[in-house]
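Here's the letter readout for the chains.
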Amino acid sequence: MDETFAKKLRILADAAKYDASCASSGAPKRAVERDGLGSTTGAGICHAYTPDGRCVSLLKILLTNWCLFDCAYCVNRRSSNVRRAKFTVEEVVRLTLEFYKRNYIEGLFLSSGIIKSPDHTMELLTRVARSLRRDHGFRGYIHLKTIPEASPWLIEEAGLYADRLSINVELPTEASLERLAPEKDGASIAGAMAQIGERIAEAKAEKRRFSPAGQSTQVIVGADATTDEALIRKSADLYGRVGLRRVYYSAFSPIPDGAAILPLKAPPLQREHRLYQADWLIRYYEFSPDDVAAASDDGMLALDVDPKLAWALKNRARFPVDVNRADREMLLRVPGLGARAVDRIVAARRHTTLRLEDVGRLTSALKRARPFLIAADHSPGGLTDRLDLRARLAEPARQLSLF
Amino acid sequence: MDGAAARIPDGPGLHTVVLAPGADLAGFRAAARRLAAAGLPPERVAWSAGGTGILFGAADLAEAPPLRLPRAVADLVPMVVPHRDPERYALLYRLIWRVLSGERHLAEIASDPTVHRLGRMRKAIARDLHKMHAFLRFRRSETDGAERFTAWFEPDHHILEAAAPFFVERFRSLHWSILTPDGSAHWDGTHLSFGPPGQRGDLPEGDGFEAGWRAYYESTFNPARTNPKAMLAEMPKKYWRNMPETLAIPALIRAADPRTRAMIEREPRLPARRDPERAVAAMGDDAPKTLEALNAVIARSAPLVPGATQAVLGEGPVGAAIAFVGEQPGDQEDRQGRPFVGPAGQLLTRAMAEAGIAREASYLTNAVKHFKFEERGKRRIHQKPNAGEVSHYRWWLDRELDFVAPRLVVALGATAVLALTGKAVPVTRARGPFRFERFDDRFAGFVTVHPSYLLRLPDEAKEEAYAAFVDDLRRAEALGRELAG
Chain A
0 MDETFAKKLR ILADAAKYDA SCASSGAPKR AVERDGLGST TGAGICHAYT
50 PDGRCVSLLK ILLTNWCLFD CAYCVNRRSS NVRRAKFTVE EVVRLTLEFY
100 KRNYIEGLFL SSGIIKSPDH TMELLTRVAR SLRRDHGFRG YIHLKTIPEA
150 SPWLIEEAGL YADRLSINVE LPTEASLERL APEKDGASIA GAMAQIGERI
200 AEAKAEKRRF SPAGQSTQVI VGADATTDEA LIRKSADLYG RVGLRRVYYS
250 AFSPIPDGAA ILPLKAPPLQ REHRLYQADW LIRYYEFSPD DVAAASDDGM
300 LALDVDPKLA WALKNRARFP VDVNRADREM LLRVPGLGAR AVDRIVAARR
350 HTTLRLEDVG RLTSALKRAR PFLIAADHSP GGLTDRLDLR ARLAEPARQL
400 SLF
Chain B
0 MDGAAARIPD GPGLHTVVLA PGADLAGFRA AARRLAAAGL PPERVAWSAG
50 GTGILFGAAD LAEAPPLRLP RAVADLVPMV VPHRDPERYA LLYRLIWRVL
100 SGERHLAEIA SDPTVHRLGR MRKAIARDLH KMHAFLRFRR SETDGAERFT
150 AWFEPDHHIL EAAAPFFVER FRSLHWSILT PDGSAHWDGT HLSFGPPGQR
200 GDLPEGDGFE AGWRAYYEST FNPARTNPKA MLAEMPKKYW RNMPETLAIP
250 ALIRAADPRT RAMIEREPRL PARRDPERAV AAMGDDAPKT LEALNAVIAR
300 SAPLVPGATQ AVLGEGPVGA AIAFVGEQPG DQEDRQGRPF VGPAGQLLTR
350 AMAEAGIARE ASYLTNAVKH FKFEERGKRR IHQKPNAGEV SHYRWWLDRE
400 LDFVAPRLVV ALGATAVLAL TGKAVPVTRA RGPFRFERFD DRFAGFVTVH
450 PSYLLRLPDE AKEEAYAAFV DDLRRAEALG RELAG
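Residue numbers (numbering that gives the first Met the number 0), protein chains in the order written: chain A, 0 to 402; chain B, 0 to 484.
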């Protein structure tokens, strides 16, 4: 790899890293054909981890970081003084294939600044995906960032080659969009997401390929005044209405050459973490947005305890729960019991009666679960209602960032 | 590593089973069958992997039939056998013995200490496999123009054989070798073979892409989020020496704090570039402005259905009183690049003439702009587009009708109705004047059959159906005149 090319790669990887999505999951399992290259495993693979603790699964780059838009939070906004570069379609294709052959990556996550026009940009992105699939028989993972301002027919084609399409909401309210991302328009974002959602559902019913790993989005946390509750309600709405697979929460992070309108500070990493936990409760633990709201104070999730524990502490009358009798739904509400542990409890108690020690083999968070559980040899007694229970269970302030 | 048959000594006391080194699944299976058939409880069996000087009795236990084990147990065994723990075989046999002795559901009781421990071993194997699939790095070398990929990896357990199929599925068209301290795997494009252990030094030198990969790794790291603990939890140091990118880690961590502070403390600079107002304005207005411009877009777009050599665009004057919408181009249309020129098109043209509609004055187009077909020998067999594919093309049809602005749109057949309504409506029910709600009465609607339907009818029914079709077109023509009125 020559020096100029490596330099471009540095610029365009740096420009892409603020997108939190890294997943290579959700694609149907498929293996390579005779002369092709690549496979997808269903669950996805993280090929490396950087010192920020995040996984490197896909080659995540921009086609170019030149951009006509001027979104205040974005490192690539047109008024930023960062260095600019542009890949050709062929360069991205070659880079993806060469990295893939060495087992560095699961595939490509391609996005771009808007150059010339949204249609022109979207056409370039799609050409990369088409070339990988058609010219090189590439069967690895492809995630394309979709440009909502582009003509709708371009999205129709992109979905034929991509495993996942995504459009970033970035800012959850119209007012914030207006202030921080003047060229973006909430209606076109919503329209394009609905279009993708419809096509995915149709293709699934017809057993055709159209973005088989679904669509995802990202919202920035901490660049505006939106509360956690509002963010979770927005996500729940998107999960329900356009069949979104994932919402990524991205703590607004300092960027080189920040905008005066949006002063830089340390990213709210713990808040981001709590949002992911609450999102998880919505998707896998049968929590409703109202439950999450009930676990919050003034719409904000607690930072010292996780949202499930926060909910339990505010609903102590519903506890303790008998691990040998309670239904699955209620067991899922017990702090410290994950969905996996609950499944094992339900399977095991058909054949045996569980003591606290047994539960300890099924979860690694027994300390958190104990005050809320009854087992054959254990009852929490007054522990559930003790005033200092929160303090006993709260996590010591964690060093999640450098600050 | 072939499965060595279990050799089990006679006599009272402890029976020792010696299995081949590594993951000897076949040997364990054979041994477990014989031991269970002979009624030997786990306390009387000692297990050894690797033939470490144990003497055997003269007579082996008799061969025994397969054991009937619950699925959960049968699935667990191969997942635990590759574990390096010397107790793995004893634990597995203990589980099997208890299951056979009446505890049929034992594997479901994850809280049982033996099941729990085996479960953890299974998890360790799954993680080891996963990490091998994730962290193994190939190095490319070239001899006589043929490229070859080689990797050196040190797994925790005996998983080379279990890990290899993943690489076959993924890199089927490449030639590769994976070397480990326990053995090696080789793929030549058609066959997978296993060989003796390798050494790190067997790796080829100098793969230019490693530096590029490291450059990528460094650049994708966000210093404002530094959290080495999270990285180490997923990528412990033991893997680092075989991953070229990890050389960058110490410097990245050292520089992270100053880099972040510098970003935060820096005063925002004035933008250096001019504000490209005109470019931004032009950008918002990307949509085609004329039918010609739209057709240019359609013509250069890749087909959204399988098959197709070229897009077949609509034909006829802008402002035509009546627009006809068919299903999709057929074989002839695809070759000639014009709509309704094949057998069905000719039939339509004839019927239009009989109904008093001039083809040249009408607009003719299709719901789907490409010929979807499947090649069978030399024949190209028409494939009906499904609902999703019709949706892919709907945007173009809608814009097209905007530009042509006809007074009346005639839908020919079910696909056209689907494209115009967004719903599957049977033609028999909708036949005649019809309101396409999606278009807010921008034009009147009319539904009839597709002419290709007439071609498929048996001869005796053809005449009557054709007459009805011409009759429909007459009504449509009258409707068109009325609207002009």
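Derived from the structure by calculation, the hints contain no laboratory data.
Certain hints may be false.
What the hints assert, rightly or not - Footprint (simulated), chain B over chain A, 3 or more residues, beta carbon under 8 Å:
#, region
1, 13 to 23
2, 44 to 53
3, 189 to 201
4, 244 to 255
5, 260 to 273
What you are looking at is a predicted structure, and each value in this text was computed from that prediction instead of being measured.
The C-beta atom is built at its ideal place from N, Cα and C for all residues, glycine as well.
Next on the checklist: Run through the hints listed earlier and report the numbers of any the structure violates, in increasing order.
Outcome noted: none
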